[in-house]
Amino acid sequence: MAKATEIRGIRIKETRSDNIFNACNLLFWFIVLFVILYPLWLIIIASVSDPDAVMAGQVLFLPKDFSVIGYKAVFEYAELWSSYANSIFYTVAGSILSVIVTLAAAYSLSRKFAGKKWVNLAITFTMFFSGGLIPIFLNVRDLGLYNTRTILIIMNTVSVWNLMVARTYIQSSIPNELYEAAVMDGSNHFTYFFKCVLPLSGTIIAVLAVYYGVARWNDYFTGLVFLRDRNKLPLQTILREILASLSISGSSETFFASFADNTEGLQEAMRKAEVAKYCCIVVSTVPAVILYIFMQKYFVKGVMIGSLKG
Amino acid sequence: MSDLRLPALKKNTLRQRFTMALSRDWQLWVLLLPALLFFLIFCYFPMYGVQIAFREYKPAFGITDSEWVGLEHFAEFFSSYYCGRMFYNTIILNIYGLAFGFPLPILMAIMLNQLNGKRFKGFAQTAIYVPHFISTVVLAGMIYLFFSPSSGIINKIIELFGGESIYFMIEAGWFRPLFVGSDVWQNAGWNTILYIATLTSIDPQLYEAATIDGATRWGKIKHIDIPHLIPIAVMMLILNCGSLLSSNTDKALLMQTGGNMETSDIIGVYVYNTGLGKAQYSYTSAIGLCLNVINFAIIMSVNAISRRLSEISLF
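First to last, the protein sequences are chains S and P. Take 1 as the starting number for the first sequence in the working numbering and just add one per residue. Take 1001 as the starting number for the second sequence in the working numbering and just add one per residue.
Just so you know, the hints here were simulated from the structure itself, not pulled from any lab data. Incorrect hints may have been included.
[Claimed, not checked] With a straight-line cut-off of 16 Å between C-alpha atoms, the simulated EDC-like cross-links for lysine to aspartate or glutamate are:
#1 P/K1220 <-> S/E14
#2 S/K13 <-> P/D1213
#3 S/K116 <-> P/D1025
#4 S/K195 <-> S/E180
#5 P/K1220 <-> P/E1208
#6 P/K1220 <-> P/D1203
#7 P/K1058 <-> S/D142
#8 S/K112 <-> S/D185
#9 P/K1220 <-> S/D18
#10 P/K1222 <-> S/D18
#11 S/K72 <-> S/E268
#12 S/K195 <-> S/D185
Owing to the predicted nature of the structure, the values given are computational and were not obtained by experimental measurement.
Whole structure, please, built from the sequences with the hints as guidance.
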C-alpha cells in the first residue's frame, strides 16, 4: 500500500482517515473475492475428491481422498461428448457468422448515408420490443427451420448491444482522415472495409468473438425450444437434465443408467453420479473461462472503448 | 464524408435524389444487408406474427387465416386465477433484483478505483468478471449442489452449528433469495464495466487538484466519482425499469420445482410451459404481447420523466 501519492514531483502524505479507508477497502475486496472465487474453487476440489467425502461435506478447502472416479464416469458417458461436439460446432460456426455480420453492419452504421436514421431506429426498436417467445417459435417453424442445426447457428446472429459497441469502436478508434485518404487513392467502401478497417479492428474482433462465443456456448434455451432430436442437442441442454434437478441421479435416465449398468450396483452408481455432476460443471465451463482469460487483455480495453459512448 | 460529396447544383426530385443516394451508398447497404435480413426475419416477422394473439390459431389455417377473436385471450388471461400471482411474482422478483443488483456494481467500481496495488487491482478486476462466463445451467446446477439437503455444503454448515437442514429448492420462501443472490453473484462484477469505464475517463487533474487541496479519499469519491457516475447510473436504471415485467426465464425455468411454484411461477415460465408444452399458442402469445407492451410503456414513461427532471435520458 503506497503511503504517499506523488503529483508532479510533490509527495503528499496520506492522512489517517485515508489509511483507515484503504484498510477497509482491502477488507472489502478480500470479502468480495472470497465470495466470488470460493464457490468456483469448491467445484474444482469436489470434482477430484472421493464421493463419500464430498457427500459428507468434508471437502471444504482442499481435495480430500484424491480420486478421478467422477471424471472417468463423465468420460464414459457418450451422449455428453456428442453434445460437446455439437456445441463446438454451433459455437464456432455461429460466432464466425456473428462477428462478420456484426462488423460489416457496424462499419456501415459508422458512416453517413441516406436513410441511416431509419435503420438505427428499426434496429434499436428490437431492443425494447419483441414478438415474444411463441410468435418467434411459430415463425421458425413456418420457415422450416425447426429441429435443424441451421437454426442454432443463425438464431441470435446479431445482438444490438454488440453492434453498438462495435460501431462506437470503429467510430472512435479509426480516424476519418484515413477514409478520406483511401478515397483519394481510389478506394471504395468495400476495399476500405476489407483493407483498412478489418486490419485495424483486432481488438473489437476479439471482444465480439468472446461475447458471441461465450453466449452461444452457454445457451441452452435455443436448443430446448427449437430442437427435438437428441443427437442435435448442444451441451448445455444435455447438462440441464443432469444438473438442474432435485434427485441425486439427475432427471436424465440415460445419465444415471450409464453408471447403473456397470454391474457395480445402485449404491455405487449414485456415489459416482454425485461427483460426476461436479466434473460435468468443470468440463463444460473450462472452455469459456479459458477463452476469457486468454482474451482478457484485449477484452477489457475493447469493452471500455466500445461502451463509453454506448 | 460530407465534404466528399458533390454539391447539388439545383434541387433534384425525390426520385433523382433516391437514385443518387443509392448509387453513392449501395456498398454500405450491401454490408448492412445480412444484419438487416436477420432483424427482419427474426425480429420483425414475429412482430407481424403476434397477431395470433387476437386470433384462434390453427396450424392448418396459418397465422393470417385463423379465426379472429379480438381480445378474448387477453380477457381470459386477466380473469384467470393465477394472473395476479404471476404478475406479483414477476414484479417482486425484479424489484429485489434491482434493489440488490443495482447499487453493488457502483460500489464495487468506486472501491476498485481506489485500490492502490496495481497487480492486486488487475487481479480483482479479472476475478470479478469470471462468474459472468458461467452458463445459466451450470449456475442452477451449482445451486442444486450447494443447497442440497443431503449433501450440500450450506446444509452441512447449518448442521455443524446445530441447525436443521433446509430443503432450499422446494421451499417457496427460498426461491427469491436464491434467484436474486445467484444473479448478484454472477453479474455484479460484470456490471461494473460501464462504471469503471466512466471512472477511468475522468481527467486525472481533477484528482490531483483535489489532493493538493487536502481532499481525503472519501472526499474525492463524494465530490468527483459520484457526480460523474450519476448520469450513467440513471441510464442503467431506466434500462432496468424497462424489463420490470420480463425476467430471466431461462434461469427461473431451471430453478422451478414442484415445491416452489408459489413464488417461482412467473409470467415468462408460464408462457413457456403453457405455450410450448401445451401448444396454447394464441393464449400465450397474448400474454407475451401484454408483457412487451407494458414493458415498452414503462421504459418510455420512465425515460420521459427522467428527461424532464434531470435531462438524462436514453433517447
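Status of the hints after comparison with the structure:
1. P/K1220 <-> S/E14: Status holds; Cα separation ~13 Å.
2. S/K13 <-> P/D1213: Holds - the C-alpha atoms of P/D1213 and S/K13 are around 13 Å apart, at most 16 Å.
3. S/K116 <-> P/D1025: Holds. S/K116 to P/D1025 sits at ~11 Å (cutoff 16 Å).
4. S/K195 <-> S/E180: Holds, because 14 Å separates the two Cα atoms, which is no more than 16 Å.
5. P/K1220 <-> P/E1208: Measuring from Cα to Cα gives roughly 10 Å; hence the hint holds.
6. P/K1220 <-> P/D1203: 13 Å, holds
7. P/K1058 <-> S/D142: The hint holds at about 13 Å.
8. S/K112 <-> S/D185: 20 Å, violated
9. P/K1220 <-> S/D18: Roughly 11 Å between the alpha carbons, so the hint for P/K1220 and S/D18 holds.
10. P/K1222 <-> S/D18: 14 Å, holds
11. S/K72 <-> S/E268: 14 Å, holds
12. S/K195 <-> S/D185: 13 Å, holds
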